[in-house]
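Chain by chain, the residues:
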Amino acid sequence: MHAVELSQVTKRFGHNIIAVDNIDLVVAAGSFVTLLGPSGCGKTTTLRMIAGLETPSAGEIRIKDQRINDVPIHKRNLGIVFQNYALFPHKTIAANVGFGLKYRNVAPDEIGRRVARALDMVRLPGVEERYPTQLSGGQQQRIALARALVIEPDVLLLDEPLSALDANLREEMRVEIKNIQRRVGIATVFVTHDQGEALAMSDHVVVMNKGRIEQAGAPREVYEHPHSAFVASFLGNANFITGQVRSAADGHAQVALGAHVLNATTERRLQAGESVTVVVRAEKIDLLPPGQGGLPGTVADVDYLGALARYQITLEDGTRLLSLASLKDKPLAVGQLVELRIDPQHCRIL
Amino acid sequence: MNRQNARAYALLSPALGSLALFLVAPVLFIAVYSFWIRTAEGLDIPAFQFGNWIAVATDYYYWLGLWGSFKLALVTTMACAAVGYPTAYFLARIRFSNKALLLFLLFLPFWISYIIRTMAWISVLGRTGAVNTALISLGIIDEPLKMLYNDFSVIMGLVYFLLPYMIINVYVSLDGIDRNLEASARTLGCSAWQTFREVTLPLSLPGLGAGCMLCFVLAAGSYVTPRLLGGPDTLFFPDLIYEAIISQLDWPTGAVLSVILLLSLGLLVGVYNRFMSLSDIYRSFAR
Ligand SMILES: Nc1ncnc2c1ncn2[C@@H]1O[C@H](COP(=O)(O)OP(=O)(O)OP(=O)(O)O)[C@@H](O)[C@H]1O
Ligand SMILES: [Mg+2]
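Residue numbers (my numbering), protein chains in the order written: chain A, -15 to 334; chain B, 531 to 817.
Since no wrong hints were added, every one of them can be taken at face value.
Only part of the chain B face toward chain A is listed, based on derived beta-carbon distances under 10 Å:
| hint | residue |
| --- | --- |
| 1 | ASP708 |
| 2 | CYS720 |
| 3 | LEU735 |
Listed next, the in silico SDA-like pairs over lysine to any residue satisfying Cα-Cα at most 25 Å (straight line):
| hint | chain 1 | residue 1 | chain 2 | residue 2 |
| --- | --- | --- | --- | --- |
| 4 | B | LYS629 | B | GLY706 |
| 5 | A | LYS75 | B | ARG727 |
| 6 | B | LYS601 | B | PRO768 |
| 7 | A | LYS48 | B | SER721 |
| 8 | A | LYS162 | A | ASP150 |
| 9 | A | LYS59 | B | TRP723 |
| 10 | A | LYS59 | B | SER721 |
Negatives, chain A to chain B, calculated, CB over 12 Å:
| hint | residue |
| --- | --- |
| 11 | ILE2 |
| 12 | ASP104 |
| 13 | GLU205 |
| 14 | TYR207 |
| 15 | ARG252 |
| 16 | GLY278 |
| 17 | TYR288 |
| 18 | ALA309 |
In short, the hints are calculated from the structure, not lab data. Just so you know, even glycine gets a beta-carbon here, dropped at the ideal spot from N, CA and C.
Bound-form chain A, shown alone (with noise of 0.2 Å):
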C-alpha cells in the first residue's frame, strides 16, 4: 500500500499556465520524499494538489489506496507545514497545537495531554501558554511541525519549511525534521528547491522542471546518473564537455576532445563521429602536475573556501571547465599548467 499515489495529474491555471504537467508518483509507506526544482516548476501546486488545497485538471490522486480527487480537505487527515509557519497568531501555543485534535472530537484533557506530548517531541516543552510571535522562527517551526504531527496524519507535507531560517538554524531543523520523521515513520513529501537538503534528507528525490518530473530516485543514483543536462546542472556543480565519439561498445565510449580523448560511460547506442555531451561533476576532476598523459589544461581562476579550492581551468580548445578540489595544500595559482584525470564512471554521456 502507498501513503500516496499519483497518476497523471495535470494542474492548469486558466488556459495558458500548466503549473503541473501530467505527473506520476509514489509515496511508499514510511518514505521520506523530496520534490527538488528552481522556482515555478509546480513543487508547491502538486503538494497542495495533495493537500485538496487545489483540484487536479485531470488525474488521479490516491492516499492510501483511496482516491481522494473528490474528498474534501478537511476530511482528508494529514498534516501540512508552510515555510512561514502559518501559525494563527491570535491563538495560544496550545490552541494551535490543538486546533486538529479539538475538530476530531478528542477531548480537552485528552487534547492537554497530546499537546504536551506533542511539544516533548520538539524540544518545546511548557510554552503552552505563549502565543506565536513570542517565540523565534525556529520555535514557530517546530510548533507548526507539532501542530501537523499531533494529529497523527496519513502523509506529512512540508513546503519549504526551512527557507525561512537563517543558515545554523537550517542544519538544526533539517536534522531534527528527519530524526522526527523517521520516529514517528510518517509518509513524507518535502518541497525544496535546495539541492543540499533533498540530497541529505530524502528516501526519494524527484527533480521537476516546468512542471515535469524530469528524474526520480534515490539522492545518490539521481545525484550520480542524471538523464539530463537539466537534473546534472541543477544537482551539484557540473560541467558539459561536447566532443565527438571515435568509438564505442558495451557502454564505453571515447569521447575525442581535438587530439585528446575523454574515456566516458553511457547508457546509450553511439556511433562513431556522434557529437555527443559528457557530464563531469566539478569533484570528481583530478587535478595533476603535467606530463602524465591526462586532459592538459591551464588554471583560469581560483575560488579559495577554506576547505576546498573551486578552480576554472581553461581546455586546450577553449572549453572552460569547473573542478571542486579539498585542500590539503595551498591552492593552485592562477596560469598554472595542470593535467585533468576523471575517471571514466564519473563522466557520462548524456
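Keeping the supplied structure of chain A fixed, place chain B with the ligands upon it in accordance with the hints.
Quick look at chain B with the ligands alone, frame taken from chain A:
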C-alpha cells in the same frame, strides 16, 4: 530631546501647526464659548458659569436628539457592516488581475459632490421616483410606497455614503490575512465555514472595528443627509446644533451641544481603542 527627535518635530511642524490652528484652536474656542452667558436680549457675555450646561442637561429634548443620532448611527453602522463585509470579502478573495480597478470603482462616486449624490436619492425613493415607478408598472404595488423623508431614507443615504469606508477597512484587514492560515485550518479539519469563524473573522475584526468606528462617528455627526432626506419624525443632534446656532443665534447653547457631541464620540473612540488594541496586535502579526 535628541537631534533625531528634533528633526522629526521640525518636519511635522507644518502638520502640527495647521492641526493646532484649524482644529484645536476652534474647538477650544467653542469650549470656552459654552461657559458664556447669553442674555435675554441675545447678547453673549464672557463668563465662566455652568448655566448653559445645566439648561441643556436638564432638557429632555436634547437627550432625545442625542439618542436619535446614536440610534441612527448604530443602525447605519450595522447596515454598513452587513453589506460591506461580504463585499470586502469578495474583493479580497476574487482572483482578478486588476484589483486596483475594483477599488478605484469603489471610490468613483466620491468624484461627485456629496450633496448631489444625496439628492439623487430623492429621485430614487420619491413618490414618482425610480423604485415606485418600477414597482407600480410591474403591478407589484398600486399606491407609491412612502420611502422618502423618514428614517429609512436617511439610513439609505448614510449607508450609501459610508459604505466605501467600511469596505476599504475590512478589505485591508482581510487582504492582510495570510492565506496559509486558512489552508492550515482546513487541513487540520475545519470546514470552510468553521475556518471563517476560527481564523478569517477573528483576524479581520480590527478592520471591521475600524470601519464600524468610522461609520458610527461620521453617521452620528452627519448633518446634510438627515437634513435632505430626513422627515419630521426623528430628531438628530447635529440638527439641534444648527438650530441653536443658526436659527436662534444662541452660540453658548450651540457650543454646549457641540462639546457634548464631541465628548460622547471621543469617549466612544477612547473605549474602542482600549478594547481593540489587543486585536490590532493580531493584525500586525497576521502579515
Ligand atoms: N493560483 C495560481 N494562479 C495562476 N498561476 C499559478 C497559481 N499558482 C501557481 N501558479 C503558477 O504555476 C506555476 C507553478 O507554481 P508553484 O507555486 O507550484 O511553483 P513552485 O515550484 O512551488 O515554485 P517556488 O519554488 O517559487 O515556490 C508557476 O508558474 C506559477 O506562476
Ligand atoms: Mg513553492
